[in-house]
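A.B. asks: What follows is each chain in one-letter form.
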Amino acid sequence: MTLVLDGLRVRYGAVEAVRGLSLEVERGEIVGLIGPNGAGKSSTLHAIMGAAPVAGGDVRLAGASLLGRSPEDVARAGVALVPEGRRILGELTVEENLRLGLAARRGRVNGSALDPAFELFPMLRDFRRRPAGAISGGQQQQLAIARAIVAEPDVLLLDEPSLGLAPRVVDTLFGTLAAIRDRGLAVLLVEQRAQRTVALADRSHVLANGELRLTLGPQDASDIDRLIAAYLA
Amino acid sequence: MTLAVLNVTWQTLADALSLGGIYALMAVGIGLVFGVLRLVNFAYGQLVMAGAYAIAYASVWGWPSWAGILLCFGIVLALTALMDRIVFRPLRTHSPAVMLVATFAVAFLMQSIAVLAFGQLGTIASSMGPLNQPWDIGGVQIRKIAIVSIVVAAVCLALLQLLLRRTSVGLHMRAAAMDFRTARLLGVRANRVIGGAVLISGLLAAVSAVMLTARNPQVTPIFALDDTIVVLAGVVLGGLTRPVPATLGGFTIGFASGILGGALPTNQSQYLPTFLFAAVILVLLVRPNGLFARADGAAERL
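Sequence order for the protein chains is C and F.
For what it's worth, my numbering labels the leading residue of the first sequence as 710, then goes sequentially.
For what it's worth, my numbering labels the leading residue of the second sequence as 313, then goes sequentially.
Treat the hints with care, as some may be off.
[Stated by the list, open to error] Cβ-to-Cβ under 8 Å is the rule here; a few derived chain F residues that face chain C:
no., residue
1, I425
2, R478
3, V481
4, A487
5, T494
6, I571
7, G573
[As the list claims (entries may be wrong)] Anything over 10 Å on all C-beta distances counts as not near chain C; from chain F, calculated:
no., residue
8, W378
9, S438
10, V452
11, K456
12, L497
13, L498
14, A502
15, L511
16, A575
In short, the hints are calculated from the structure, not lab data.
Note that this is a predicted model, so its numbers are computed, not measured.
No residue lacks a Cβ here, since even glycine has one placed at the ideal position from N, Cα and C.
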C-alpha cells in the first residue's frame with residue numbers, strides 16, 4: 710500500500726470534519742474523493758499533509774506513519790499537494806514556481822530537473838519567463854500540477870483541480886491525470902465533478918459529513934441516480 | 313561649490329546618500345524578517361547599538377579597528393541568534409500582537425542592560441576616527457565614511473539581490489514572504505528560511521552598526537534608536553513584505569532626512585522629525601496599502 714488512511718479523524722475545535730475515514734491508494738491508480746461542500750474532502754488532504762489537526766486514526770506512507778510531521782517533512786517524504794485554488798505565486802515567474810517545487814526533491818537536483826514538467830506541459834517552457842500571475846487559469850492549473858510533479862513524489866494529492874475551468878480545459882486536465890497515473894504515481898483526487906471523477910478514477914469514495922458513504926467504480930459513472938441518492942443519504 | 317538650484321552642498325548630498333544607504337540596509341534587514349515571520353522587530357536598533365558598543369569598547373581597549381569590527385559582527389550575530397531562539401521561534405505561531413509586544417520588551421530590556429552595564433553617558437569609538445577625515449575630490453571635501461558607506465551599502469544590496477534572485481534559499485525566502493503556507497506545503501523548510509532571514513538581518517545590523525559608529529562615534533544606550541524609528545517609518549512607507557520596496561523606502565527616508573537636515577538651519581533642526589513623520593502620515597493616508605498590505609497573520613501560517 711502506498712498511501713493508507715486508517716480511521717482518520719480531523720477535528721477543528723468542536724467541529725469534527727472527518728469521522729473515521731479509511732482508504733488506500735496504490736501506485737499507478739487514481740482514487741477519487743467526491744462529495745458536497747463541507748464533506749471533509751479538503752480536510753482529509755490537509756490532514757495527510759500535516760496541516761490539519763488529526764484527532765485520531767493514522768496516515769501511513771509505505772508503512773510509515775506521517776502523523777505529527779510538519780507539512781514540509783510530509784512533502785519531502787514524497788507526498789505532493791496541488792492545493793485548492795492552485796496557490797500559484799503570481800509575482801514569481803513560471804520557472805521560479807517550478808523551481809519552488811524542487812524544494813521537496815529528495816537527493817540532488819540537476820539542470821534537467823524541470824524537464825518532466827516541460828514534457829508534460831510544453832506551454833510552460835514557452836512561458837517560463839513570464840510572471841505566473843499573467844497566464845490563464847487553465848495554464849496556472851497546469852503549472853500547479855507541474856510544480857508538484859517536479860518534486861518526483863510517490864503520491865499526488867489534488868484538491869478540486871477543475872474548479873473554475875472551462876469544460877474543454879477540464880478534458881485536458883483529466884487526460885493529464887491519467888498520464889500521471891500511468892507514470893506510476895498514486896493519485897488521490899478530490900473533486901466536485903462527481904461523474905467525471907468516477908469515470909476517470911479506479912474507484913471513487915463518496916464522502917458526506919466526514920464519513921465514507923459509498924464506493925463507486927468507473928462502471929457506475931452513468932448511474933447518476935445512485936450518486937445523487939448517496940449525496941442525499 | 314554647491315548644487316545651486318537646491319542650495320545643497322556636495323558634502324550634504326554625499327552625506328544624505330550615505331545615510332540613505334545605511335537606512336536601506338537596516339530597512340531590508342527589518343523587511344526580510346517581516347517577510348517570513350510577519351514580525352516587526354523593534355529590537356533591531358538595539359542590535360545595532362550592541363554592535364556599536366562592541367566597536368567602542370574594542371577601541372577603548374586599544375584594539376585595532378578591524379578587530380573592533382570583527383567583535384561587532386560577533387556580538388550582533390550572537391545576539392541575533394539568541395533573539396531568534398528565545399523569542400522569535402517560540403512565539404512564531406502566536407498572534408502578530410504578541411510578537412510585536414515581545415520585540416518591544418526585548419528592545420527595552422537591551423537598552424536597560426546597556427544603561428546598567430555601560431552608563432548613560434556613552435563611550436567614544438575613537439578607532440573609527442580616521443573614517444571621519446575628509447577626502448578631497450576635485451576640490452570638494454567629502455568625509456571618507458560617506459563614500460565608504462555608499463559603496464558598502466551598494467555592495468551589500470547587490471549581494472543580497474543576487475542571493476534572493478539566483479539561489480534556491482533566496483527563492484524559498486521570497487516564496488515564504490509571499491505565501492508561507494503554500495511554500496511549506498511545497499517542501500520549503502520553515503526553520504531554514506526563517507533562520508536564513510534572521511541571520512542576514514543580523515549581518516546587515518552589524519554592517520549598519522559599523523557605518524553608524526563611524527558617522528557618530530559617541531555610543532550611548534540610545535544609539536541608533538532614532539535611526540531605527542525613522543527606518544521603520546521608511547519600511548512601512550515602502551512596503552514591508554517585499555525586500556526591494558522596503559529597501560527603497562529606507563533609502564528614501566534616509567536620503568530625505570539627510571537633505572532636510574543639511575538644508576535646515578542648525579537652530580531649526582528640531583523641525584526635521586516633524587516634517588518627516590507628517591510626510592509619513594500623509595503618504596499612508598494616500599497609500600494605506602504600504603502597511604501590512606496582505607491581511608494574513610499568524611493564523612494563516614502553519
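A.B. asks: When the hints from earlier in the document are held up against this structure, which numbers fail?
C.D. replies: When the structure is compared with the hints, numbers 1, 2, 3, 6, 7, 12, 13 and 14 turn out to be violated.
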